[in-house]
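Chains as they are written, first to last, in the numbering used here: chain X, 1 to 441; chain R, 1 to 352; chain V, 1 to 67.
Hints are not guaranteed to be accurate.
Stated by the list, open to error - Selected chain R positions facing chain X (in silico; Cβ < 10 Å):
1) ALA158
2) GLY160
3) ILE163
4) THR165
5) VAL192
6) ILE193
7) PHE205
8) GLU206
9) LEU209
10) THR256
11) GLY259
12) GLY280
13) PHE281
14) ALA285
These are calculated hints, taken from the structure and not from any lab test. Ideal Cβ placement from N, Cα and C applies to all residues, glycine included.
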Amino acid sequence: MKLELGNFFVKDIVFGAETAYKDGVLTINKEEALEVVREDEHITEADLVIVKPGDMVRIVPVKEAIEPRYRVGGGPVFPGVTGDLMQTGNGRTLALKNMSVLAVGKHWGGFQDGLIDMGGEGAKYTYFSQLMNVCLVADTDELKEQREQQKKNHALRWGGMRLAEYLGKTVAEQSPDEVETYELAPVTKRTADEEKLPKVVMVLQPQSQMEESGYNDLVYGWDSNRMLPTFMHPNEVLDGCIISGSFMPCSSKWATYDFQNYPMIKRLYQEHGKTVNFLGVIMSNLNVALEQKERAALFVASMAKNLGADAAIVAEEGYGNPDADYTLCLVALENEGIKTVGLSNECTGRDGASQPLVSMDEKADAMVSTGNVSEMIELPPMPVVIGELEALARDGMSGGWDNDAILGSSVREDGSIIMENNAMFCGDQVVGWSTKTMVEY
Amino acid sequence: MKKAILYLNQFFGQVGGEDMADHTPEIREGLVGPAMELDKQLGDDIQVTHTIICGDNFMGSRQEEAIDMIKGFLKDKEVDFFFAGPAFRAGRYGAACGHAGRAAQKMFPEAVVITSMDEENPGVEMFRKDMFIFKGGASAAAMRNDLKAMAQFAQKLAKGEEITTAKDEGYFGRGKRKQFFLNPPVPATERVIDMLLKKLNGEPFETELPVPVTDLVPVAPPVAPEKLSEATIAIVTSGGIVPVGNPDRIQSASATKWGKYDVSGMDDLKAGEYQTIHAGFDPMAANADPDVIVPLDAMRQYEKEGKIKEMYKYFYSTVGTGTTQKEAARMGAEIAAELKEAGVDGVLLVAT
Amino acid sequence: MLMANLIPVATSVGVNKMVPTISIPYPLGDPSTPLDEQYKLRYHRVGVALDALTADISEPTLFKTKI
Numbered sequence: 001m002k003l004e005l006g007n008f009f010v011k012d013i014v015f016g017a018e019t020a021y022k023d024g025v026l027t028i029n030k031e032e033a034l035e036v037v038r039e040d041e042h043i044t045e046a047d048l049v050i051v052k053p054g055d056m057v058r059i060v061p062v063k064e065a066i067e068p069r070y071r072v073g074g075g076p077v078f079p080g081v082t083g084d085l086m087q088t089g090n091g092r093t094l095a096l097k098n099m100s101v102l103a104v105g106k107h108w109g110g111f112q113d114g115l116i117d118m119g120g121e122g123a124k125y126t127y128f129s130q131l132m133n134v135c136l137v138a139d140t141d142e143l144k145e146q147r148e149q150q151k152k153n154h155a156l157r158w159g160g161m162r163l164a165e166y167l168g169k170t171v172a173e174q175s176p177d178e179v180e181t182y183e184l185a186p187v188t189k190r191t192a193d194e195e196k197l198p199k200v201v202m203v204l205q206p207q208s209q210m211e212e213s214g215y216n217d218l219v220y221g222w223d224s225n226r227m228l229p230t231f232m233h234p235n236e237v238l239d240g241c242i243i244s245g246s247f248m249p250c251s252s253k254w255a256t257y258d259f260q261n262y263p264m265i266k267r268l269y270q271e272h273g274k275t276v277n278f279l280g281v282i283m284s285n286l287n288v289a290l291e292q293k294e295r296a297a298l299f300v301a302s303m304a305k306n307l308g309a310d311a312a313i314v315a316e317e318g319y320g321n322p323d324a325d326y327t328l329c330l331v332a333l334e335n336e337g338i339k340t341v342g343l344s345n346e347c348t349g350r351d352g353a354s355q356p357l358v359s360m361d362e363k364a365d366a367m368v369s370t371g372n373v374s375e376m377i378e379l380p381p382m383p384v385v386i387g388e389l390e391a392l393a394r395d396g397m398s399g400g401w402d403n404d405a406i407l408g409s410s411v412r413e414d415g416s417i418i419m420e421n422n423a424m425f426c427g428d429q430v431v432g433w434s435t436k437t438m439v440e441y
Numbered sequence: 001m002k003k004a005i006l007y008l009n010q011f012f013g014q015v016g017g018e019d020m021a022d023h024t025p026e027i028r029e030g031l032v033g034p035a036m037e038l039d040k041q042l043g044d045d046i047q048v049t050h051t052i053i054c055g056d057n058f059m060g061s062r063q064e065e066a067i068d069m070i071k072g073f074l075k076d077k078e079v080d081f082f083f084a085g086p087a088f089r090a091g092r093y094g095a096a097c098g099h100a101g102r103a104a105q106k107m108f109p110e111a112v113v114i115t116s117m118d119e120e121n122p123g124v125e126m127f128r129k130d131m132f133i134f135k136g137g138a139s140a141a142a143m144r145n146d147l148k149a150m151a152q153f154a155q156k157l158a159k160g161e162e163i164t165t166a167k168d169e170g171y172f173g174r175g176k177r178k179q180f181f182l183n184p185p186v187p188a189t190e191r192v193i194d195m196l197l198k199k200l201n202g203e204p205f206e207t208e209l210p211v212p213v214t215d216l217v218p219v220a221p222p223v224a225p226e227k228l229s230e231a232t233i234a235i236v237t238s239g240g241i242v243p244v245g246n247p248d249r250i251q252s253a254s255a256t257k258w259g260k261y262d263v264s265g266m267d268d269l270k271a272g273e274y275q276t277i278h279a280g281f282d283p284m285a286a287n288a289d290p291d292v293i294v295p296l297d298a299m300r301q302y303e304k305e306g307k308i309k310e311m312y313k314y315f316y317s318t319v320g321t322g323t324t325q326k327e328a329a330r331m332g333a334e335i336a337a338e339l340k341e342a343g344v345d346g347v348l349l350v351a352t
Numbered sequence: 001m002l003m004a005n006l007i008p009v010a011t012s013v014g015v016n017k018m019v020p021t022i023s024i025p026y027p028l029g030d031p032s033t034p035l036d037e038q039y040k041l042r043y044h045r046v047g048v049a050l051d052a053l054t055a056d057i058s059e060p061t062l063f064k065t066k067i
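Using the sequences provided together with the hints, build the complete structure.
This is the structure in structure tokens:
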């Protein structure tokens, strides 16, 4: 498969009369854009706000981030989700870089939602503070889940994807600033030089722990809870075959933007042909019963072994009981003699003294750690809040609380906040951006 | 000026050698032996005011008495820093420094306790989680260096400087793992590739998450099989089952609270009356039938059949997602104390 | 006596007596099965757990279930 990602480096985003992209400036006709969002009648109120790196702005509750794209030759950016099924990862897709579309609740947050500070000391905790973001701030009539801690956030997430496709279309007829090419031959048809190198697979464990549909990451529109591990081409992931879900505490989450830009996959591409022979991706999942966890690990190990893998990288989207899936998978691969490196975050508690993963095994001897979900973070007030700050305390966001006996509420009267890293939007950047590690004190 | 006290054994306290190892604990105003060097190294910010001297065997064989005496010495003192040793590779001395340091920490929670030992000193594993134990030399030849390391660290704290990692500071890790922004900022992708290539090439590599050794818990004595029919059995769960409305406001994640709920006269837990407030899993099934987590119906049946005497009238509940081990251990101990008090013979813990 | 689905987690924290349950969200009754089957499973596994309380063991033990 050969994928060309045609990149347009966005230098500025402004509102204007006509939605268009010209000379690095993305102009958005707000009303027209909002009409696209309102195609779903469940959206009751919607607005767009543009934020840029360094802005003294706090955004909460953030539900999703998406990179605006356009599929050359036609077809949806997210097959099986925003349009008909088709294979991704082949051909050319255009992308607006340096920016994302953020889906933000106008009022209501939930367990899975996060917070972004665009400037100040809180900016370092999320990747998305480095991007220009078009915030879709909306409310919905999904009253059934409005007061529920667990939200599917369907209207907002799908609204965000439609908006990203709408903005992506602006570059349809233009030639990109840069073309990144990702090409891997079928595993049995690699060159002799590639064959000499150690073979590596990348195992992804996207979040799939809700048994009810609507919460999990979707692979080609299919609920990843209802699948067994399968072999995929890395280009499929980079080209929209998978979208993020709406369940995990937010710092552990992988946004759709993260999948579209998956840094660990891109990094393996850089090594391909030099130090390793990158075989591809084993798309696994995360489960809620031990037998399911064991079965998934068994499938992954068998697939890796029969592909002839010498080494593997396993990345987990979550923490807590999914650590059992993670450790089982690392151990199953090591048991096959496949040299494996794990990539995930930890939960050592506010005091740092808890066992880092709920399930550990000494065979998992090589792990890269990207953060502590329960690290306490205190941040000063921000002059501007997009969304509703109170959501952090009121709505059961995973890193917030409303009535801690000692700490009080996560949201103080002056607008300053105290929270766990858990609520930082995709904060642990397990996909590979994280410059955080874990150290012992 | 901050105040410090130094703990020494009989040898370094200049009382005598092995023949004086039973020396009764004493406190002296001012500086004895290594206290002089320590005080000098500490500079102008911290002053060593007293030296405590205790025989290693006294601490070893009459520990409680020794600790009580030391607590007595400290009662009316100002203690910002409590130093002990350095103990080098001396096992008894290392343990004594640890015990004395731990006692001082209990009395002065804000004080900083600092000691130094060689890595083979058994005191390291015994006390590394309780205090700063610097990586010291094997013998007294390292005295100056070890004192210097302890003093420099104390100065840093006295000045309010932030401490970096255990490894960089030079003390044995205290089992507290925290996130740390790398400087220069090396992304996880680079660290993974580096580790992977080293592992593939058979070169040494360092995991960022060393797997800790499992804590083993002693096995509780069994209920005698013939006594099961006379036993009261309690149910405790981390699955967050509570009466609808969550009267005790137990947190849905990172819980610090538990609740107990009287189920006398009920044959099962009804949907709409009980629910789960656990945020870490899909609550649908447990809300539809809370017995899937608190199996009251099955327990009632076993009561009727006479397999057990009764289910204890309360079930206990908390939430086990994001909950720290420390909080979990505290809640467990509190619940266990109540159950023991109530004469409960056995407990079924149902986890989710 | 611990009734849990994630046995690797239980062994990793040093639990001594364990009876497996069927999943995390519904340890003792699969909602996709009829109520009487859920009850049968729950009754059986609770029974195994009660018997396990009487077992004299010297090391961490996983007690087997039939349903």
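Hints and how they fare:
1. ALA158: Nearest chain X Cβ about 18 Å off; hint violated.
2. GLY160: violated, 17 Å
3. ILE163: holds, 7 Å
4. THR165: For THR165/R, the interface hint holds, since the closest Cβ of chain X sits about 4 Å away, which is under 10 Å.
5. VAL192: holds, 5 Å
6. ILE193: For ILE193/R, the interface hint holds, since the closest Cβ of chain X sits about 6 Å away, which is under 10 Å.
7. PHE205: holds, 6 Å
8. GLU206: holds, 9 Å
9. LEU209: holds, 4 Å
10. THR256: For THR256/R, the interface hint holds, since the closest Cβ of chain X sits about 8 Å away, which is under 10 Å.
11. GLY259: For GLY259/R, the interface hint is violated, since the closest Cβ of chain X sits about 15 Å away, which is over 10 Å.
12. GLY280: Holds - the Cβ of GLY280/R comes within 10 Å of chain X, reaching about 6 Å at its closest.
13. PHE281: holds, 6 Å
14. ALA285: holds, 8 Å
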